[in-house]
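Please put together the full structure from these sequences, using the hints given.
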Amino acid sequence: MSTLHVLSHSPFTDTRLSSCLRLLGSADGLLLCGDAAYALQPGTTLYGELGARSGLKLYVLEEDLQARGLELPTWAKAVDYPGFVDLSIEHDKVNTWL
Numbered sequence: 604m605s606t607l608h609v610l611s612h613s614p615f616t617d618t619r620l621s622s623c624l625r626l627l628g629s630a631d632g633l634l635l636c637g638d639a640a641y642a643l644q645p646g647t648t649l650y651g652e653l654g655a656r657s658g659l660k661l662y663v664l665e666e667d668l669q670a671r672g673l674e675l676p677t678w679a680k681a682v683d684y685p686g687f688v689d690l691s692i693e694h695d696k697v698n699t700w701l
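If you use this note's numbering, the sequence shown corresponds to residues 604 to 701, in order.
Keep in mind the hints are simulated off the structure, nothing from the lab.
Ideal Cβ positions, reconstructed from N, Cα and C, are used throughout, including at glycine.
Only pairs whose alpha carbons sit at most 30 angstroms apart, straight line, appear in this in silico DSBU-like list of lysine-lysine:
| hint | residue 1 | residue 2 |
| --- | --- | --- |
| 1 | Lys-696 | Lys-660 |
| 2 | Lys-660 | Lys-680 |
| 3 | Lys-696 | Lys-680 |
The calculated label-pair distances, taken between Cβ atoms and stated as ranges, are:
| hint | residue 1 | residue 2 | range |
| --- | --- | --- | --- |
| 4 | Pro-645 | Met-604 | 32 to 42 angstroms |
| 5 | Pro-685 | Thr-648 | 26 to 36 angstroms |
| 6 | Trp-678 | Ser-613 | 12 to 22 angstroms |
| 7 | Met-604 | Glu-674 | 25 to 35 angstroms |
| 8 | Lys-696 | Gly-658 | 12 to 22 angstroms |
| 9 | Ser-605 | Gly-646 | 30 to 40 angstroms |
| 10 | Ile-692 | Thr-648 | 26 to 36 angstroms |
| 11 | Thr-647 | Ala-670 | 11 to 21 angstroms |
| 12 | Lys-680 | Gly-628 | 13 to 23 angstroms |
Shown next as structure tokens:
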């Protein structure tokens, strides 16, 4: 059973992203949207941690990536809103980290 984990809060204001990373299963996906896209700022500890995780299925909402002036790392995939819907359908559950 796979879960799509959706985070929208800045990873620099609380520990949601770290908690989520500890719980991710091998079949799970992680979608960063809103201020969670800031986790993809090059040079940050989180950026290095995300890039070093082999097998991580990491997605970022393209609109939020562009709005924050960030570039997509090679180890992540940008999705649009229809892609977000597709991810939600592909996974058995969706867990939004409020």
